[in-house]
Amino acid sequence: MGKYLDVIIPMVYKGNYGQNSNWIKSTCSWFSKNSGGAQVWCGLQTYVSDNNLTTSSTSALKADWLTALDGD
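Numbering (the working numbering), first residue to last: 5 to 76.
Calculated from the structure, these hints are not laboratory results. Check before you lean on any hint, since a few could be wrong.
[As the list claims (entries may be wrong)] Subject to a maximum C-alpha distance of 20 Å in a straight line, what follows is the list of computed EDC-like cross-link-like pairs (lysine to aspartate or glutamate):
#, residue 1, residue 2
1, 37, 10
2, 37, 74
3, 18, 74
4, 18, 54
5, 29, 74
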């Protein structure tokens, strides 16, 4: 898809998949390596999950954001 798109934004919603921050890193890394040259901007979940709409803490979002950058 990278040859047709400038940006790919995978929704790495760890809460919906029952995953942790390491999953965010590996998923963002996979997309970066397989983007075909398109930029990859990982979309992060700002709440616990679709079944729990509690807002994630600022520190949890920052940790996920830094982990996503590490996978890029």
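Taking the hints in turn, this is what the structure says about them:
This hinted pair checks out: residue 37 and residue 10 have alpha carbons roughly 15 Å apart, not beyond 20 Å. Straight-line distance between C-alpha atoms of residue 37 and residue 74 comes to about 13 Å, which keeps the hinted pair within the 20 Å bound. Taking the CA atoms of residue 18 and residue 74, the gap is about 16 Å. The hint holds against a cut of 20 Å. Proposed proximity of residue 18 and residue 54 is supported: the alpha carbons are some 11 Å apart, at most 20 Å.
At most 20 Å may separate the alpha-carbon atoms for a hinted pair to count; residue 29 and residue 74 meet this at roughly 6 Å.
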